[in-house]
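S.K.: Based on the hints, put chain B in the right spot on chain A.
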Amino acid sequence: MTQRAFDIAPLDFLAIVATALSTQWAMSTVFAIRFEAKSALITALSLTLLLRANEVWPLILAAFIAIAAKFLIRARGKHVFNPANIGIVAVTLLSGAAWTTPGQWGTAVWLAAVIAGAGFFVAYRASRLDVPLIFLGVFAAMIFARAVWLGDPLSIPMHRLQNGALILFAFFMISDPKTTPDSALLRALFAAGTAALSYIFIYHFYRADGVFYALALACLVRPLIELTDHARRYQWGDPPARNFQPSTSATPAE
Amino acid sequence: MKLSLKKTLFAAASGLAAVAMTGGAVAFCGFYVAKADTKLFNKASKVAIMRDGDRTVLTMSNDYQGELKEFAMVVPVPVVLEEGQIHVTDNAIIDHLDAYTSPRLVEYFDEDPCTMADEIMVTASRAPKAAMEAKRERGDDALGVTVEAEYTVGEYDIQILSAKESGGLAAWLRMNGYKLPDGADQTLGSYIKQGTKFFVAKINIDEQAKTGLKYLRPLQIAFESRKFMLPIRLGTLNADGKQELFVFALTRNGRVETTNYRTVKLPTGSTVPTYVKDEFGEFYKAMFAEQVDRESQNAVFLEYAWDMNWCDPCAADPMSSDELRELGVYWTDGGDSVMPMTRRRPIPPGGAQDVFVTRLHVSYDAAHFPEDLMFKTTGERENFQGRYVMRHPYKGEAKCDAAKEYRAGLPKRYEEEAQSLANLTGWDIDDIRVKMKESGQSFPPPAKDKWWENIWGKKDKKG
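Just so you know, the protein sequences line up as chains A and B, in that order. Using the numbering used here, the first residue of the first sequence is number 1, and each one after it goes up by one. Using the numbering used here, the first residue of the second sequence is number 1, and each one after it goes up by one.
It should be emphasised that the hints constitute simulated quantities derived from the structure, not laboratory data. Where hints are given, some of them may not hold.
Unchecked claim - Anything over 12 Å on all C-beta distances counts as not near chain A; from chain B, calculated:
{"hint": "1", "residue": "Q159"}
{"hint": "2", "residue": "P273"}
{"hint": "3", "residue": "A299"}
{"hint": "4", "residue": "M374"}
{"hint": "5", "residue": "E397"}
What the hints assert, rightly or not - Lysine to any residue pairs mimicking SDA-like chemistry, simulated, CA-CA at most 20 Å apart:
{"hint": "6", "chain 1": "B", "residue 1": "K193", "chain 2": "A", "residue 2": "F144"}
{"hint": "7", "chain 1": "B", "residue 1": "K193", "chain 2": "A", "residue 2": "D130"}
{"hint": "8", "chain 1": "B", "residue 1": "K227", "chain 2": "A", "residue 2": "I200"}
{"hint": "9", "chain 1": "B", "residue 1": "K193", "chain 2": "A", "residue 2": "Y203"}
{"hint": "10", "chain 1": "A", "residue 1": "K178", "chain 2": "A", "residue 2": "D130"}
{"hint": "11", "chain 1": "B", "residue 1": "K227", "chain 2": "A", "residue 2": "L197"}
{"hint": "12", "chain 1": "B", "residue 1": "K193", "chain 2": "A", "residue 2": "V148"}
{"hint": "13", "chain 1": "B", "residue 1": "K193", "chain 2": "A", "residue 2": "Y199"}
{"hint": "14", "chain 1": "B", "residue 1": "K164", "chain 2": "A", "residue 2": "K78"}
{"hint": "15", "chain 1": "B", "residue 1": "K285", "chain 2": "B", "residue 2": "K164"}
{"hint": "16", "chain 1": "B", "residue 1": "K193", "chain 2": "A", "residue 2": "A145"}
{"hint": "17", "chain 1": "B", "residue 1": "K437", "chain 2": "B", "residue 2": "I455"}
{"hint": "18", "chain 1": "B", "residue 1": "K227", "chain 2": "A", "residue 2": "R207"}
{"hint": "19", "chain 1": "B", "residue 1": "K193", "chain 2": "A", "residue 2": "R146"}
{"hint": "20", "chain 1": "B", "residue 1": "K193", "chain 2": "A", "residue 2": "L150"}
{"hint": "21", "chain 1": "B", "residue 1": "K193", "chain 2": "A", "residue 2": "K38"}
{"hint": "22", "chain 1": "B", "residue 1": "K227", "chain 2": "A", "residue 2": "D130"}
{"hint": "23", "chain 1": "B", "residue 1": "K193", "chain 2": "A", "residue 2": "I156"}
Even glycine gets a Cβ: it sits at the ideal position worked out from N, Cα and C.
With the rest of the complex left out, here is chain A:
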């Protein structure tokens, strides 16, 4: 039977989950806040799906950085980086021992549909469905415009949009409610900006994994655009419709 050349090893998955949860627990204890497993699990899932390594230590390191950065790199009472994203960017930039495999999810439409469907659910429950849709919409518009400019057949941008890793990124990573602005307008700006940066990384710097660098960069400047953000902070468990309650004063880390 053929197999994907980049299989997920169960042990890697366990190592990532264990590291994410234990880091979350340890940091919660140190910072005296309630232990919240859900976001750590989503981070672990993203890392498992998107990051590959020869050995297990880069994966453990990525999971640790992802969770620790939530507690240690903060601005205006929120963590700066998207956890799984900074984990991936840090270990892939720091060493060649870990890498992403943008092609491994292929372009099968059905797979994209399943991932998008699952992603929709996650994003909707977390009330940030606008982010992946705006991100994908802007990114799609740019690559279609590029195809038209180059005179390429539309099968080329279509093929690129079906990329499973892109869909995973949109619905599981950038949609994280804790690292996107709270006001709808700024959120749209954030999503569109990440799409534009992704385009630049991919088509001008030929980085196939440009979306990750784009998001890290967007997160870095996010605290600045959030200076004007007075919308209520997102709390885990907020249902989508109840997102306009009076703002709370203090926000725990998780």
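M.R.: Just chain B, lined up with the frame of chain A:
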């Protein structure tokens, strides 16, 4: 200028611009396994890529068999190449790399079951021979096309072109006798807008005669580019079926994979009937076609991935340091003064190299591979090879109890081999059984499972 000739722009099947054309007999590419020669993969090409950072050396091999004066190839390249960046090498090196990395059939001979143990013998299969064809002629004019440089390298006359618009370039190529397929203007235009230059090669008949060879040697180009890719789009313009491409990537870090198509491992390790030895070429071809279909025809197949630094056991006859260097592996031979190298592991004695080789095999057409192949070097250093096993049963005298058991187990084993072969290739299981019988691997057809026998037992059916 004999414009009456049927000119064909062969496009560097080299994976590069493969604009393999109409007209002209399709070059035959033979594939010899054991004593049977088999037509395998027509319209195939082989490209070796050394990639280290932005440094790239492409070696484009073609088995063009037509009129030499009609050969031509057009390859989109990222930069204008100086003469020193172009080189001609020997076919034997690519053939060696091909043979070294090709899927192989391994033979095991069962020992006397009374003394036990398996002995191993290995027959490495020959690699599929790739072929490419080409043709063309020439002319001269402007049309917004700039001939950036012209060189004669080995038996090739080479021009490096840059163009402002596709119409001009297409017109220039047509004026020079290239026969462009429909849609070429559009594709050329896309490359031009991306800043691509064009490398055009044809045969210098005088120089070719001096080589005394009847075939064309592989062309090599060295350049630096952030883009790690092979342009295949020109080659897909011909709706003339699929093309085969073998990519041999040589890196320091690890396995190379495609970023815009899935990379899938070829099934490996199966035990197949012994008669496959005489038709291993057919087996490989059928299996590959079957796997391509199963992967919706849009996957790239990993056929071999090997850390040459870690070569235990070394496959027979590994690549020598000189051969690798010829293919662009500039860091062999005790280091390089330009780039200090960091070895990941100590080099074991016996000539192992600090090189990771990846063999990818892709069967492509425009419908399933709309865009060029984009690659990425990963840190993955896991070894992988396409490998199939033949087990010859023990045929000598053996009278112990173990021998009885061994013989009793053979039909079941044969049936499993038949099924695994059918599963891999999509061949009809009954045909396989017939062939196995003819080759001495006979067995009674498997008794159908009667589920009720599990309830009351075989003998109590009527009880």
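S.K.: Give a verdict on every hint.
M.R.: Okay, the hints, checked on the actual structure:
Q159(B), annotated as away from the interface, keeps every beta carbon of chain A farther than 12 Å; the closest lies near 24 Å. For P273(B), the requirement that its beta carbon stay farther than 12 Å from each beta carbon of chain A is met, with the minimum near 19 Å. For A299(B), the non-interface assignment is contradicted: its Cβ lies about 7 Å from the closest Cβ of chain A, within the 12 Å cut-off. Listed as outside the interface, M374(B) is inconsistent with that label: its C-beta sits roughly 6 Å from the nearest C-beta of chain A, within the 12 Å cut-off.
Residue placement check: E397(B) keeps its beta carbon more than 12 Å from all beta carbons of chain A (closest about 39 Å). Distance hint between K193(B) and F144(A) is fulfilled; the C-alpha atoms sit about 15 Å from each other, no more than 20 Å. Our distance criterion of 20 Å between C-alpha atoms is broken by K193(B) and D130(A), whose separation comes to about 34 Å. Under the criterion of a C-alpha separation no larger than 20 Å, the hint pairing K227(B) with I200(A) is consistent with the structure, at around 14 Å.
Restraint check for K193(B) and Y203(A): the C-alpha separation of about 13 Å stays at or below 20 Å, so the hint holds. For the hint pairing K178(A) with D130(A), the CA-to-CA distance comes to about 14 Å; that is within 20 Å, so the pair holds. For the suggested pair K227(B) and L197(A), the alpha carbons sit about 18 Å apart, so the restraint of at most 20 Å is met. Straight-line distance between C-alpha atoms of K193(B) and V148(A) comes to about 12 Å, which keeps the hinted pair within the 20 Å bound.
Restraint check: the Cα-Cα separation between K193(B) and Y199(A) comes to about 17 Å, which is no more than 20 Å; the hinted pair holds. At roughly 51 Å between alpha-carbon atoms, K164(B) and K78(A) are farther apart than 20 Å, so this suggested pair is violated. The hinted pair formed by K285(B) and K164(B) fails the criterion: a straight-line CA distance of about 43 Å is larger than 20 Å. Proximity of K193(B) to A145(A) is assessed by CA-CA distance (about 13 Å); at most 20 Å being required, the pair is judged to hold.
Between K437(B) and I455(B), the direct Cα distance comes to roughly 34 Å. Violation of the 20 Å bound is thereby established for this hinted pair. For a cut-off of 20 Å, the pair hint linking K227(B) to R207(A) stands: about 9 Å separates their Cα positions. Pair hint K193(B) plus R146(A) holds up; C-alpha atoms about 10 Å apart against a cutoff of 20 Å. Our distance criterion of 20 Å between C-alpha atoms is met by K193(B) and L150(A), whose separation comes to about 6 Å.
Only pairs whose Cα atoms come within 20 Å are accepted, and K193(B) paired with K38(A) is rejected, the gap being roughly 47 Å. The straight-line distance between the Cα atoms of K227(B) and D130(A) is roughly 33 Å, outside the 20 Å bound, and the hint therefore fails. Restraint check for K193(B) and I156(A): satisfied, since their Cα atoms lie roughly 16 Å apart, inside the 20 Å limit.
In the structure shown, a violation is registered for the earlier hints numbered 3, 4, 7, 14, 15, 17, 21 and 22, in ascending order.
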